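Based on the provided sequences and hints, a complete structural model is requested.
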Amino acid sequence: MSDPVMKEVVNAEMAFTEDEIMRRQYAQREKALRDYRSDMAEARREEKSFIAVNMLRMGMDISLIAAATGLSIADVELLKAKLT
4 MSDPVMKEVV NAEMAFTEDE IMRRQYAQRE KALRDYRSDM AEARREEKSF IAVNMLRMGM
64 DISLIAAATG LSIADVELLK AKLT
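The working numbering numbers the first residue of the sequence shown as 4 and each following residue consecutively.
Please note that a few of the clues may not be correct.
To be verified - Derived CB-CB ranges, DEER-like:
1) N14 with L67: 39 to 49 Å
2) N14 with L81: 50 to 60 Å
3) D38 with A15: 21 to 31 Å
4) Y39 with A15: 48 to 58 Å
5) R27 with E49: 31 to 41 Å
6) T20 with E80: 49 to 59 Å
7) I24 with M61: 51 to 61 Å
8) E80 with E49: 14 to 24 Å
9) F19 with E49: 36 to 46 Å
10) V8 with E49: 42 to 52 Å
11) A46 with I24: 26 to 36 Å
12) Y39 with D64: 33 to 43 Å
13) V8 with A46: 37 to 47 Å
14) E11 with K34: 26 to 36 Å
As the list claims (entries may be wrong) - Listed below are the simulated EDC-like cross-link pairs for lysine to aspartate or glutamate, each with C-alpha atoms no more than 16 Å apart in a straight line:
15) K51 with D78
16) K85 with E49
17) K51 with E80
18) K83 with E49
19) K83 with D64
None of these hints come from the bench; they were simulated from the model. The model shown is predicted, which means the values in this text are computed figures rather than measured ones. Glycine is no exception: its CB is placed at the ideal position from the N, C-alpha and C atoms.
Following this line, the structure appears as structure tokens:
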């Protein structure tokens with residue numbers, strides 16, 4: 004390998020894989036990022052449902068609610084059934 008940049012990259016990768024603490028920190032960070040993304044996705048789903056319920060209470064049409072929130076018509080109908 005004559006490219007000095009590639010040598011540096013390979014050496015850094017080897018040092019990383021040999022370092023147990025760095026591997027553990029990397030794994031923990033990846034898990035934290037996955038958990039964060041999952042939590043944010045759940046919060047978005049809850050917010051859509053909250054908005055849909057408010058729209059249902061306002062008497063808005065189910066297809067309009069589905070279009071506005073991105074929920075399926077079946078999901079909006081399920082929310083409506085829970086309200087009554």
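Checked against the structure, which of the hints given earlier come out wrong? 1 and 4
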